[in-house]
Amino acid sequence: MYRIRFHGRGGQGMKTASRILGTAFFLQGYEVQDAPRYGAERRGAPIFAYVRADETPINERGIITQADLVIVADDSLVPVPGAGVLAGVDKHTVILINSDESPEVWKQRLNISGKVFTLPVETEDRAELRFIGATCTGAAAKLLGVITRESLSQAIEEELGDLGHAVVEKNLHKALTAFDLMKKHAGCVSTMEKTSAANYTRPAWVELPFEDARISAPSIHAAANSVQVKTGLWRTQRPVIDYEHCSGCWWVCSTFCPDGAINVTEQGLPDIDYDHCKGCMVCVAQCPPHAIHAIAEEVAQAEEAKGGQA
Amino acid sequence: MTEVKATFYRRMKDLPSTHLLGTGTPMCSGCGGLEALHQVYDVIGEKSVFVNAAGCMTLLSVYPFTPFRGSWLYTAMASAPAGAQGVRDALDILLEKKRIPPEENMEVVVLTGDGSAYGMGLSATSGAMERNLDFLYICYDNEGYGNTGQQYSGATPHAAKTATSKGPLGFPGFKKDLFSIWAAHKPAYVATVIGTEPVDLARKIEKARSLKGPRMIIALAPCPPGWDFDPKESVEIGKLAVKSGVWPLKEYIDGKVTHTKIPRQRIPVEDYLKHQGRFAHLFEPQCNDALINEIQKKVDDYWDEVQKTTSLDKE
Ligand SMILES: Cc1ncc(C[n+]2csc(CCOP(=O)(O)OP(=O)(O)O)c2C)c(N)n1
Ligand code: SF4
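As given, the protein sequences belong to chains A and B, one line each in that order.
Heads up, the first sequence is in this note's numbering, so the first residue is 1 and it goes up one at a time.
Heads up, the second sequence is in this note's numbering, so the first residue is 1001 and it goes up one at a time.
If you're looking for bench data, these hints aren't it; they were derived computationally from the structure.
Any given hint could be a false lead.
Unchecked claim - On the chain B side, residues computed to face chain A include the following (Cβ under 10 Å): (1) L1095; (2) A1184; (3) T1196.
Stated by the list, open to error - Sample of chain A residues with no beta-carbon within 10 Å of chain B, all distances over it, derived: (4) D162; (5) A204; (6) L208; (7) T231; (8) F256; (9) G260; (10) D273; (11) D275; (12) K278; (13) V282.
Using N, Cα and C, we set each Cβ at its ideal position, and we do this for glycine too.
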């Protein structure tokens, strides 16, 4: 059985990508399961989707903890613990990352011995981001090696037909380009050995003793402790204030920032909390003297790493 | 006549420059509902209990994290006002028995989406108003069931595409007039607000805070994934909703409805609609002029009516 796990951010079309891949498998005659994980399906938040495909009926259910192919639509998710990109990855797992960095860099960074492929990020234009799913699916179909160009195209037409001709065409183009790009690596994804009951060793369970309700009941006694959640990791673009042009106005950015992540300092100047700014760019759009501009998060982080000011 | 003190919020400079609601919530990037909520929370403050019906905002407090400084309670979609009744009663008993001092009294605030407010929870809300429950109701209206992928709700506007109205004409129904439905109960206060008009919003919450009884607020909440626009457009779209007259800012108090901001020169609704993917089928592949005109006419009729009644008032 093939087990495939998609990682992306809400809004990047991972659910659709998993459906397209599932349908393509189905058209090849496979038994298929495809499902997104239901939860915080909000834009920018880590999203998971799963596909299982087998020649015989599938009895396995639930999330995929050990995948044969892991697809990462957004490389900024790799270091996010909650995204669990590396969960259950072993040397047989193939990883496909949408990233400008080379596969070697990722292998070294993550200390993994399995195969890594990258799909170069083509664009900074956020309008194009919605086609990442198609690109990833196209590449994945080729890596799996059991899906034809025709099945992939038909799956896209079936799944996206509702959205109109132009959308289908654009997705087809993206998916087929990626499909062809992976030609040399066709069929490199292998399936895991079947777990047999005979040599099964049970995982090391953690025993949790039954606790008094006053200890185990979910009451939160801290105020505003959500600040411990670093939503700054969602960001793909970073707003940067140019204080020379900031007029110290009537606090437009601070009031409009949906997250309340901009506070005004005692000097009367706005200050962006990058631990929590989700990168919506409302402040960039609203600042009256246009004193806030957007830079790619990657670039900002590279600058910071060099010790410079972003 | 209800006594209302002069407002503290006269201009942008009077708005708080640091914010009470904690960051780090899982609301979408660019969420217009969260934008309104953090502004509301700055005025309400930490002496509050939020009673939250299932929806996007129930994810604000996911164990073990909360952005609130006061309390928060989760209820089923249809029953937040009933939950609020229980909390209010409990607080009143504690106060009466002097088990908490008056300064520890809290404002009970219902927080729900439009799916709850316009639909599933309407009956419980009607009951709460009937019992003259002393509470504040904040509905963030993203015009659909946002949390579950934007299915249509009683608040979905005519022609909008949703996950359950995908046809070429979008949603065939019309947005319910919840403001009037609520006002017909004659509660202490009803108002519409939007996060993109923060001074108007702060004043209304301040006014609601100074009153007793049911105080009902509807905040239009531009929703990037549900309405299909880039998160950075969130505030602009809210402003266009007001400028085009699609979202009238008004309040009801003492049996009278007053418009707090009348757009002097209304922009065409088209300018509001065309920024949102949920209305893209009105413009592509061809412009559906008939449908756009129909939407425009509804808005024009509304404001003609407002004009008539306000000029009557002046006489
Ligand atoms: C009785 C009931 N039906 C369905 C659900 C599933 N559900 C959870 S949130 C939600 C959407 C609520 O929509 P709305 O009130 O508009 O809030 P939003 O999600 O837009 O914030 C639904 C249908 C539920 N919790 N309870
Ligand atoms: S779905 Fe819409 S209302 Fe819900 S959190 Fe996201 S932006 Fe806000």
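A quick look at each hint next to the structure:
no.: 1; hint: L1095; in the structure: violated, 22 Å
no.: 2; hint: A1184; in the structure: violated, 32 Å
no.: 3; hint: T1196; in the structure: holds, 7 Å
no.: 4; hint: D162; in the structure: violated, 6 Å
no.: 5; hint: A204; in the structure: holds, 25 Å
no.: 6; hint: L208; in the structure: holds, 16 Å
no.: 7; hint: T231; in the structure: violated, 5 Å
no.: 8; hint: F256; in the structure: violated, 5 Å
no.: 9; hint: G260; in the structure: violated, 4 Å
no.: 10; hint: D273; in the structure: violated, 6 Å
no.: 11; hint: D275; in the structure: violated, 8 Å
no.: 12; hint: K278; in the structure: violated, 4 Å
no.: 13; hint: V282; in the structure: violated, 5 Å
Figure legend: structure checked against the earlier numbered hints; hints not met, in rising order: 1, 2, 4, 7, 8, 9, 10, 11, 12 and 13.
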